[in-house]
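Given the sequences, and given the hints that come with them, work out the whole structure.
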Amino acid sequence: MSFYRSLSPLEATYIATETPEHTPFTNQYIVEGIGKLDLEQWEEASLKVSKVNAGLSLQLKGFWGWRYWDQGSATPRVTKLTTDWDGLSSENAPDIFRPFDSRKGPNAEIILIENPNASSKILFRTHHAITDGMGMTHWIEECFRALRKEPLLGSTGTINEWDIAKQNQVTVEPTIDGNCISLSPISKNPEERYCRWIRCDWPGKHTKIVSKLILASSTVAKNRHGNDSRTLFRIPSDLRKYNESSSDFTMANASGAFDIETTDKSTVKSIQRGIIQGMRNKSDLAVFPSKMYLANWLPKAMFNAKAETIKNIHSSGRYRMTGTISYLGEQSLEPFSYDNFAAKGRYGVPISLENRGIFIGASNTKDMLSFSLGAPKALVTHEELIELGNELHDAYNAL
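The sequence shown runs 14 to 412 under the numbering used here.
Just so you know, the hints here were simulated from the structure itself, not pulled from any lab data.
If you're wondering where the values come from, they're calculated on a predicted model, not measured in any experiment.
Each residue gets a CB set at the ideal place from its N, CA and C atoms; glycine is no exception.
Everything hinted at is true.
Taking CB as the label site, the calculated pair distances span:
no., residue 1, residue 2, range
1, 79, 292, 34 to 42 Å
2, 109, 343, 25 to 33 Å
3, 104, 78, 36 to 44 Å
Set out below in structure tokens:
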């Protein structure tokens with residue numbers, strides 16, 4: 014019997030933003046290391062993983078509120094290329110960040126990247142509408158299990174963030190966003206579209222990472238625009254911990270978010286307290302209002318900002334949020350290695366959101382914090398983004 018599941022309201026908003034040229038909501042994760050990448054070996058491993066994780070081969074079916082995900086024949090695509098791209102930024106990247114088509118698929122792919130002058134890289138990509146960060150992590154680890162010929166965990170769950178939100182009573186009011194500053198000067202080129210990113214590696218042992226990244230980002234923003242300016246940050250969270258209806262792992266989107274507003278009085282401790290209190294109150298479920306189910310029925314145009322709207326946002330210098338900071342936690346590199354390949358780093362590529370000042374995707378090992386820093390092209394050049402990363406590093410180290 015074919016695997017299928019419902020389309021959640023959040024997933025409907027992700028799909029609404031896709032165009033033939035661009036898929037803003039794309040999960041992208043890079044594992045780099047030393048070794049030769051064998052295409053046939055990876056194709057075989059990917060197929061094995063797809064057979065026990067049906068959520069990877071989904072195609073959108075139906076219309077309006079009757080849309081659903083159905084397991085199609087479009088299993089994750091695996092390709093290989095040789096390039097001189099160093100993987101340290103979006104600059105001079107080959108044509109690998111292509112759009113997805115939720116109806117045609119495939120909505121997941123693996124790209125093996127070899128560079129004669131640098132480490133090998135494995136790029137994992139999915140349409141965000143089929144899975145979230147934790148689903149991506151599950152998929153990536155399954156691929157490496159298959160390559161090591163270890164038993165696969167599989168996944169059969171179908172529950173999504175809306176199902177979990179309906180299971181839980183939340184009394185916390187959602188934060189009203191908007192009128193937020195960025196970390197950069199007001200745009201000089203507001204008509205510029207899409208985003209760029211750089212990779213940052215900060216050696217050392219790190220603690221209180223999320224709170225420090227929030228406060229460092231807030232400090233840079235307020236130093237540039239004034240202490241009275243509004244700074245608001247979104248911190249994605251995994252809602253699977255609240256799921257009481259099934260023990261099966263779900264690859265569906267099951268993420269919520271904490272919204273953290275900072276002032277010139279904020280400290281690392283006060284931000285930590287706010288996050289802990291938010292966990293106790295389940296405020297990461299508050300981002301789903303009771304009428305969000307209507308997203309499945311509303312026209313795509315209501316969720317897809319027009320170029321003129323984006324231009325006006327950049328011209329005003331006021332964003333929906335100052336930034337999103339996504340943290341996947343500390344993890345050893347061992348699960349991302351196999352006989353032919355020894356991992357030496359991993360990092361995400363920021364989601365291309367133009368209605369906020371920055372997007373940080375972070376993870377760490379015991380002796381390295383690695384993250385990618387993304388921002389709208391209208392706000393920063395490549396060189397300015399590097400300088401912004403340095404400012405952020407200085408502010409972080411001062412805490």
